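Just need the whole structure built from these sequences, with the hints factored in.
Line by line, the protein sequences are chains A and B. Start counting at 1 in the first sequence, then tack on 573, and there's your number in this note's numbering. Start counting at 1 in the second sequence, then tack on 13, and there's your number in this note's numbering.
Keep in mind that the hints were calculated from the coordinates and are not lab data. Quick caveat, the model's predicted, so the values are computed rather than measured. Be careful, since some hints might not be right.
Some, not all, of what chain A presents toward chain B, calculated at C-beta under 10 Å [unchecked claim]: (1) Val591; (2) Leu609; (3) Leu617; (4) Ala643; (5) Val647; (6) Gly648; (7) Arg657.
Note that beta-carbon positions come from the ideal geometry of N, C-alpha and C, so glycine has one too.
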Amino acid sequence: MPIQYYIFLSLALFSIGVMGTMMRRNAIIIFMCIELMLNAVNLLMVAFSNYWENSNAQIFVFFIMVVAAAEVAVGLAIITLVYRKVNSVDINILNRLKN
Amino acid sequence: MILIITASIIGVVLLFASFLLKHTSSLLHLVTVLFAALFGVAIWEALQPTAILTQSFYLDAIRVDRFTNQFNVLITGCLFLYILLMKKHIAAVGKYKAEYFALIAFIMVGIFMLSSFNSLLVMFLGIEIVSIPQYILAGSDKENLKSTEASLKYFLMGAFSTGFLLMGITLLYGATGNFMVSEFNFLQATSINPIALGGVLLLIVAFGFKVSAAPMHLWTPDVYDGTPTPFTAFMATIVKVAAFVGFMRLFQTSFTAISSSWSLVLAVVIALTLFVGNITAVFQQSVKRMLAYSSIAQAGFMLFAIISLNAIGRQGMLVYTVAYSVASICFFAILIKMKDYTYDGFNGLAKKQPFIAALATIYMLSLAGIPLTGGFMAKYYMLKAVLFEGSYMWLAIFALLMAAVSVYYYFKVIIAMYFKEGEAAMIDSFTKEEKLYLTIGALALLVVGIFPSLLTGTI
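This is how it looks when you write it as structure tokens:
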């Protein structure tokens, strides 16, 4: 398959992630959209790795996965902390900070 | 290189210390010794005869050069000053005292990676190692809802910008087939390829988030305001400067040849950052929020080092590291003792604590960029760098106008301290050691202001 297909697919997934992050109000869903962005990157990395015929990017993908896992560990803990406090994971509570 | 290993070991030792040491005072002694050791190692590494050469490690993924060593010494020095001034307050934030220091040590690992990367992989890991502990530090005051919200906001924004960073890296890899920023194809192939150009622009967006450049700055005031003050002092100074050094290292190494295609975007970002940071800071009532906006405004000046792409910009970055970090850290150390964080809380401080008020005046003068202080020299180097390049005269003039605006809100603090009647209620008084450290900070600012070549020339 030509590399363009992979590029368009990845960019589409990435854009869905970006739009979701900006438009949804639920912290968990925003978080899932961010993961979607990272996975679009992973897909594109592997496709480019195949295109250039070297394995650098495949190693990079493992690092992205590890970092994403670390981010999930911290992020879900923070979201849990917020939920315990206000019984909601709605992002609109952040507007309170502006006062 | 040894510095990265030392910082990691310090982090692990502090994690063990959290359950081995029962008393806070013994923990604080250990912390002082460990971070002093880190500072010592940084100096030792910079004094090696090989320090002026470029050394590479790990299949050339890490490259330590002269600038790296200079920067590492300065940043660990600032960190040591920060630890000395803030250790008591950090331990008072919450229950998990040793862990906070351990997280700071791990952030230092990321900072050293950012100052020495040669592979985009190391740069990415450095940025993440710097960011993830910060999300935790932002939310460390668990009883306080504001701190929790700051943490969530910072986390979502930070993870979002990570997505952009990775997409940028991937597109660059797609255009060049390489992650090594100093490779020939990385420097050349990018000149024509639209994919690479997209990658560069995404990297500007991602780094813009990290260094809080407008229009990606919206998280900064809320997060800095909600975070416990000792950690705000850390995030707004040391971490921000380190992110700048990573930004500058990447762009000066790799993208100089294609600067015509991205420098206009960056120029607009700089103009917006200066404008938004300075104008909004004028309207703030809380000094802590004013410092958050002032950190955005100073970021506008630091971005000059990236757009100018020359050695003067690199020297300016070193001067800025010291001038901005020391002044902000010391002023935060004074702010943290105040009961009321608004300007009115400072009313009458000069009568009650004349010495502290005089020191605070020096920090404010330095941040505003008045001659004879470090802040002036920092701004001078940055303007010189951009004028030397020649194509962005309008930006330099605009920056000067905005620097004049910044004088207003910095002097408001001085006016409150000296010319207004009031209580200036404080939570607790300054110990002798703290006064000594604050004096050292003020002296450092004056020395940098009079002899900036100490930082740029000799080491």
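Outcome of the hint check:
1. Val591: holds, 7 Å
2. Leu609: Constraint on Leu609/A satisfied, holds at 9 Å.
3. Leu617: holds, 5 Å
4. Ala643: holds, 6 Å
5. Val647: holds, 5 Å
6. Gly648: holds, 5 Å
7. Arg657: holds, 9 Å
Hint compliance for this structure: every hint is met.
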